[in-house]
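Peer 1: Sequence:
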Amino acid sequence: MTILWDHDPGALETYAFALGSGVEQIQAGPRISRALGEDGSHTLVVIGPDIPLESACDLAEQERVDRPELGVILLRHRLDVNALAQALRSGVREVVQADDLPALADAVRRSEALTVQLAGHNPAAAGRDGKVITIFSAKGGVGKTTLSTNLAAYLASTGARTLLVDLDLMFGDVAISLQLTPHSSVRDVVAMSGHLDVQGIASVVTTHESSGLHVIAAPPDPADADRVPSHVVVELLRMARTAYDYVLVDTPPSFTEHVLAAFDLSDLTVLIATLDIPAIKNLRIAINTLDTLGEAKDARCIVLNRADTKVGLKPDDVESALKESIAASVPNSLSVPSSINRGVPIVLDDARGPVAVAIRELADIQIRQRFGETLPNGAKRSFGLLRSKR
0 MTILWDHDPG
10 ALETYAFALG
20 SGVEQIQAGP
30 RISRALGEDG
40 SHTLVVIGPD
50 IPLESACDLA
60 EQERVDRPEL
70 GVILLRHRLD
80 VNALAQALRS
90 GVREVVQADD
100 LPALADAVRR
110 SEALTVQLAG
120 HNPAAAGRDG
130 KVITIFSAKG
140 GVGKTTLSTN
150 LAAYLASTGA
160 RTLLVDLDLM
170 FGDVAISLQL
180 TPHSSVRDVV
190 AMSGHLDVQG
200 IASVVTTHES
210 SGLHVIAAPP
220 DPADADRVPS
230 HVVVELLRMA
240 RTAYDYVLVD
250 TPPSFTEHVL
260 AAFDLSDLTV
270 LIATLDIPAI
280 KNLRIAINTL
290 DTLGEAKDAR
300 CIVLNRADTK
310 VGLKPDDVES
320 ALKESIAASV
330 PNSLSVPSSI
340 NRGVPIVLDD
350 ARGPVAVAIR
360 ELADIQIRQR
370 FGETLPNGAK
380 RSFGLLRSKR
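What the sequence shown shows, in numbering that gives the first Met the number 0, is residues 0 to 389, in sequence order.
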């Protein structure tokens with residue numbers, strides 16, 4: 000259906016030829032967003048020529064983020080270059096002269112065709128809301144990137160549209176861990192700031208062929224890290240969650256402004272611990288920081304990596320030090336560095352091995368079940384490697 004936003008009571012009759020049937024006229028601007036939220040069948044908003052340009056642009060910019068498949072066409076009494084540029088920057092698909100009804104009809108047809116195309120690639124159009132999952136550790140060398148790549152590869156292999164964003168902007172290893180040769184990176188998103196859409200994200204992803212996972216790599220030059228503002232990360236993650244079922248974020252071992260932005264948008268934070276005192280101490284500080292930031296305790300889970308390493312500490316010692324339960328344990332295995340060196344996620348390379356089983360169960364229980372997926376056989380646990388404390 001189409002919404003016509005116009006103050007003129009006779010506007011519906013004026014534009015009936017170009018807009019066709021199934022048009023609802025709304026005269027008050029605040030009712031537009033409410034109508035769009037209540038009825039998901041709306042695919043187009045046509046804004047009348049007497050609606051202020053700023054109001055029209057504000058609506059287009061907001062809906063571009065919330066409903067990227069929604070078309071917005073702006074009518075003007077006179078086409079002005081500056082107004083045209085401002086409208087297109089805000090997300091208006093086309094600007095048409097109000098008295099040119101054949102041109103309006105053509106614009107409507109083009110917008111409807113684009114909406115159909117976007118709806119075919121956008122889970123949000125099917126009523127799904129993608130989940131953002133941030134994987135974090137306050138200490139390096141704990142296997143965070145290995146866990147991120149394997150979780151993401153497994154989720155993608157289940158058929159879920161999955162994106163992995165490497166937010167370690169200086170020293171990110173996601174691409175090399177998967178033996179990818181990215182043509183773009185997070186740095187390329189900066190140029191689209193303010194008008195990023197689903198197509199823009201698609202232009203910077205690299206596909207991992209074995210799993211179908213989409214990856215946005217870290218910049219190849221560490222100096223580019225300072226050229227990626229945190230608001231770009233916010234825009235990227237907000238738009239990505241409309242195009243993917245799961246958006247996983249691999250992070251550096253520090254609280255950068257980009258990491259804080261990811262925490263703010265995350266539906267789940269996965270915190271990595273290992274059986275060594277420095278890692279536990281740093282994770283305790285990280286947990287305190289998340290508490291200070293107001294993150295809900297049930298929106299995070301702690302994963303103990305290399306849980307069976309004989310180093311004099313036990314999982315109970317970790318729980319006692321962190322004052323939080325361990326949600327999942329992943330064993331140590333020499334097959335992990337081998338899989339990393341060959342660029343093949345261990346969940347695909349050694350699917351029956353204990354590490355792969357533990358990672359799959361982590362994904363099934365702490366991610367897929369948490370967010371409402373129904374799993375075959377109730378996602379039964381294998382080998383007893385996962386301990387849920389919830």
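Simulated from the structure, these hints should not be mistaken for laboratory data.
Errors might be hidden in some of the hints.
[Claimed, not checked] Derived lysine-lysine pairs resembling DSSO-like cross-links, with alpha carbons at most 27 Å apart:
#, residue 1, residue 2
1, Lys309, Lys322
2, Lys296, Lys322
3, Lys313, Lys296
4, Lys322, Lys138
5, Lys138, Lys309
6, Lys322, Lys280
Peer 1: Hint by hint, say whether it matches the structure.
Peer 2: Now the hints, each set against the structure:
1. Lys309 x Lys322: Roughly 22 Å separates the two Cα atoms, so the pair holds.
2. Lys296 x Lys322: With a Cα-Cα distance of about 12 Å, the restraint between Lys296 and Lys322 holds, given a limit of 27 Å.
3. Lys313 x Lys296: With Cα atoms ~23 Å apart, Lys313 and Lys296 stay inside 27 Å; holds.
4. Lys322 x Lys138: Between Lys322 and Lys138 the Cα gap is close to 18 Å, so the pair holds against 27 Å.
5. Lys138 x Lys309: Roughly 20 Å separates the two Cα atoms, so the pair holds.
6. Lys322 x Lys280: Roughly 12 Å separates the two Cα atoms, so the pair holds.
The structure meets every hint from the earlier list without exception.
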